[in-house]
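Undergrad: In case you want the letters, here they are:
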Amino acid sequence: MFSLAQPTSTWYLILSAVLFGIGTIGVMVRRNPLIMFMCIELMLNAVNLSFVALSSQIANIDGQVAVFFVLVVAAAEVVVGLGIIVSIMRRRTTLTVDDMSGLKG
Amino acid sequence: MELFVFVAAAAMVLTGALGVVTRSNPVHAAMSLVLTLFGIAVMFVAHNAHFLAAVQVIVYAGAIVVLFLFVIMLLGVDKAEDLSVEPITNQRPLAAIIGVGISAIVIAAIVSSRAGLGPSGEGINQTTIDSPDANIRQLARVIFSDNVFAFEITSVLLLVAVVGTVVMARKTKSVGTGK
Amino acid sequence: MLNLVWLIPALPLAGFLLIFLFGRVLGEPRAGILATVMTASSFFVVVGVYLDLLSRTAEERHHVVTLFSWLPVGSLHVDMALLADPLSITMALFITGIGSLIHLYAIGYMHGDPKFSKFFLYLNLFVFSMLMLVLGENLLVTFLGWEGVGACSYFLISFWHTRDSAATAGKKAFVTNRVGDWGMMVAMFLAFSSVGTLSYAGINAAAEGGKLAAVTATGIAMMLFVGACGKSAQLPLYIWLPDAMEGPTPVSALIHAATMVTSGVFLLTRMSPVLHASYPWLGDVIATVGALTALFAATIAVAQTDIKKVLAYSTVSQLGFMFLAIGSGAYVAAIFHMVTHAFFKALLFLGSGSVIHGMHHEQDMRKMGALRKLMPITGFTFIIGWLAIAGIPPFAGFWSKDEILLAAFANNRLLWLIGVITALLTAYYMTRQVIMVFFGEARWHDHAEENGAHGDHTPHESPWTMVTPLVVLAGLSIAGGALQLPFSHSTKFLEHWLEPVIHHSEVSIAGSWAESNKWLLLVVAVLIAVSGVVASVAVYAKGKFKIIEPKILADAWRYDSAVSAIVGGPGHAAFGGIAAFDAKVVDGAVNGIGTEVRAASGLLRKMQNGLVRSYAFVIGLGAVLLLAWFLLRGIL
Chain L
3 MFSLAQPTST
13 WYLILSAVLF
23 GIGTIGVMVR
33 RNPLIMFMCI
43 ELMLNAVNLS
53 FVALSSQIAN
63 IDGQVAVFFV
73 LVVAAAEVVV
83 GLGIIVSIMR
93 RRTTLTVDDM
103 SGLKG
Chain D
2 MELFVFVAAA
12 AMVLTGALGV
22 VTRSNPVHAA
32 MSLVLTLFGI
42 AVMFVAHNAH
52 FLAAVQVIVY
62 AGAIVVLFLF
72 VIMLLGVDKA
82 EDLSVEPITN
92 QRPLAAIIGV
102 GISAIVIAAI
112 VSSRAGLGPS
122 GEGINQTTID
132 SPDANIRQLA
142 RVIFSDNVFA
152 FEITSVLLLV
162 AVVGTVVMAR
172 KTKSVGTGK
Chain A
19 MLNLVWLIPA
29 LPLAGFLLIF
39 LFGRVLGEPR
49 AGILATVMTA
59 SSFFVVVGVY
69 LDLLSRTAEE
79 RHHVVTLFSW
89 LPVGSLHVDM
99 ALLADPLSIT
109 MALFITGIGS
119 LIHLYAIGYM
129 HGDPKFSKFF
139 LYLNLFVFSM
149 LMLVLGENLL
159 VTFLGWEGVG
169 ACSYFLISFW
179 HTRDSAATAG
189 KKAFVTNRVG
199 DWGMMVAMFL
209 AFSSVGTLSY
219 AGINAAAEGG
229 KLAAVTATGI
239 AMMLFVGACG
249 KSAQLPLYIW
259 LPDAMEGPTP
269 VSALIHAATM
279 VTSGVFLLTR
289 MSPVLHASYP
299 WLGDVIATVG
309 ALTALFAATI
319 AVAQTDIKKV
329 LAYSTVSQLG
339 FMFLAIGSGA
349 YVAAIFHMVT
359 HAFFKALLFL
369 GSGSVIHGMH
379 HEQDMRKMGA
389 LRKLMPITGF
399 TFIIGWLAIA
409 GIPPFAGFWS
419 KDEILLAAFA
429 NNRLLWLIGV
439 ITALLTAYYM
449 TRQVIMVFFG
459 EARWHDHAEE
469 NGAHGDHTPH
479 ESPWTMVTPL
489 VVLAGLSIAG
499 GALQLPFSHS
509 TKFLEHWLEP
519 VIHHSEVSIA
529 GSWAESNKWL
539 LLVVAVLIAV
549 SGVVASVAVY
559 AKGKFKIIEP
569 KILADAWRYD
579 SAVSAIVGGP
589 GHAAFGGIAA
599 FDAKVVDGAV
609 NGIGTEVRAA
619 SGLLRKMQNG
629 LVRSYAFVIG
639 LGAVLLLAWF
649 LLRGIL
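Residue numbers (this note's numbering), protein chains in the order written: chain L, 3 to 107; chain D, 2 to 180; chain A, 19 to 654.
Hints in this document: simulated from the structure, not taken from any laboratory.
Some clues are possibly wrong.
Computed footprint of chain L on chain D; a stretch qualifies when at least three of its residues, placed anywhere within it, have a C-beta under 8 Å from a C-beta of chain L [stated by the list, open to error]:
| # | stretch |
| --- | --- |
| 1 | 9-20 |
| 2 | 34-47 |
| 3 | 64-73 |
| 4 | 106-116 |
| 5 | 129-135 |
| 6 | 139-146 |
All of these numbers come straight from a predicted model, not from anything done at the bench.
All C-beta atoms, glycine included, are put in the ideal place defined by N, C-alpha and C.
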């Protein structure tokens, strides 16, 4: 059998970087606020992945502890963010992010 | 074996990510997000972070995405947005440059420091048949001893978030002037 | 007693504060009595200090009392310190002595005035400031007193401020003095920057020791002279003194005859080593300005009709004599004349005040006449003052004027000639004044109704509070010459007394033609004075010649209007130009910056388009750039 390359942590880190980039593009391109939020979740997950990969590379449990806390805070953030979106978009459901330009000037 | 797992999981992650970014229907985008989250959970398991994988699925895929779907249904934003037109000039090319730029720089950093990081901690306990909760135990020990303050404060954070959201999202008397 | 030198200015200051707090309660005449008592007690302290100084040897007559450290700023150390030495004690003696006499006089003169207490408030403040001026150990304490007397002069000149002319005269005095003050300030700056200290001991020691370059010394002395011109009313800054007669007569006597106007003379004498170390032409300049001022003012006095204006121009003229003496290097003669002038000029002013009071505030001499019988004491004392100022021996004015003429002759014959002509004119116009007021026929009958006298239209003698000082001053005017009699070395008391102060810079005339022939010059001076008197008698009393009082002299050579035309016309335009520059350029620059900032921010404002996605793009761009920079720097 041909010797298969072992996926080192570097591969995982590169994957997380690509995922992060996709998330960034999504935030800048999409106009629906809910989907923008989901792209932000993508970026957070990319970071979580890199934390775990590095924690197993340097054999330290602290990386997983960090992921734990990121998860909790992401949950809280989603709650608040969705609350904001609900209260803004309650009036008209066809609002896009571009229409909420009250800070113009 | 690990290579196969990695490739499969990576495919799931990337497909899901591209789906979130490109699908115009929000419900489809939420489904793609679930796919990504599952892929990430598989990768967590591959790194022996079993507890985190479980929490990822339960909390992220099980609660957060469900929350997203609730809001989509509540507000009725399932009507698709028109993805063919971009009101801000040059936004798409610039976004592409930024995204590619960030990824490229981070990849360059990763590649250049490949050899630098070596083991520095006491190691991660492997979950085995004999001790199926080894990972949880180690994680719990660290969280509740070294990081107990952070833990308590995050619980307060959750409480504050819930209370704040309830207050903020209340329907006021005159709906027309609600924020 | 010497350590109580600080009491000398402190007593009038206490008087000022007490009247300030309780003036309304004290009322008339207690406020006046309090002020007089304070000044008189100060006089007794000065006498005590004087006796103490006398008991020391000549080199040790120099005592400094430091009250506190006033300005310890960097390299500048100025103390609030008082210096008791022959010069300052001489000045303090006649300031407090004549001052207390004038306070007593004012109790009678200001009787019935609604602002009685306020008058004495200002008078005591003035005495305090003047004492600080002369007792100061350094230029800054002197300057404190200098400004104080200027301010008090303003207060007192415009005391009856409801009269427009009085208010204007006060402002004129203050502004003109300010021009002189600028000179003094520049002198202080120069002195500090070149010597490093403001104390007289330091500066004079540097000048005597040759450490002061001639250029610097000339600069300092010239600026001090500018200050002296302002304070002592020399050309071109004399214009405030005639107008200052708007103030009550005690003010004219105290401030504008005896004390404040002598500050310039005092200052130059105090800084005589600096004057000595400067270029010789400066002394000539000072002497020439003094002589010309003397002549100029004397010509004007010949044609004045207001009794006080004659005396005002006479003061300017006599001050010119003093500067003539200083310019010729004869400091002793200048101080001698200052002292005798204080005696007889105060006497003349107080006498004229008594006349004005008796004539129910009539000041025009053409409406007076034959008052000698109705106001005998006033008349008698005024005549003594007249004889003193005219230069008739053995009265005080003769000796001091002769000293000055002697020194002027030794220095510059032309200036001596100008001085002699001025002395002639002095005798002439003073005799004119005496004749018009006290002799001749009574002209006040026709004009008595104009002054709204209370029932009795006849002029009357003044109360004892006003007459007593007249008598005392008359005695001093007779005996004052004894200070410095030229007969022999031992009778030159003032010269010995002042020697520690001016020995370095006094120009001695020993060995010159003037010294050998001083008796001849003395006789010439007597003849000049007598001929002036005789000429005036012939014109005004006997009517033998026509009265020559040209209008241009009565208008004071139209100097005032010339000054107004220059300052009002081109001066106003120049200042208008500066004001426009300030408004357009300076303000314009500041406002322009504001306008430019607003325009720039207006441009930047367009970046805020309110779109979240473009903000996200900018954040992303920043992150990319930062990461790229880190990567390139090798940190990542």
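Undergrad: Work down the list of hints and note, for each, if the structure agrees.
TA: Okay, the hints, checked on the actual structure:
Requiring three or more residues with a Cβ within less than 8 Å of a Cβ of chain L, the coverage given for the stretch 9-20 of chain D holds, as 5 such residues are present. For the stretch 34-47 of chain D, the stated coverage by chain L is satisfied: 6 residues place a CB nearer than 8 Å to a CB of that chain, which reaches the threshold of 3. Restraint check on the stretch 64-73 of chain D versus chain L: 6 residues with Cβ-Cβ distances below 8 Å, three needed, restraint holds. Remark: the stretch 106-116 of chain D is confirmed as covered by chain L, as 5 of its residues place a Cβ nearer than 8 Å to a Cβ of that chain, reaching the required three.
Given as covered by chain L, the stretch 129-135 of chain D fails the check, having 0 residues with a CB less than 8 Å from a CB of that chain where 3 are the minimum. Given as covered by chain L, the stretch 139-146 of chain D passes the check, having 4 residues with a CB less than 8 Å from a CB of that chain where 3 are the minimum.
Hint 5 alone, counting from the list given before, is not met by this structure.
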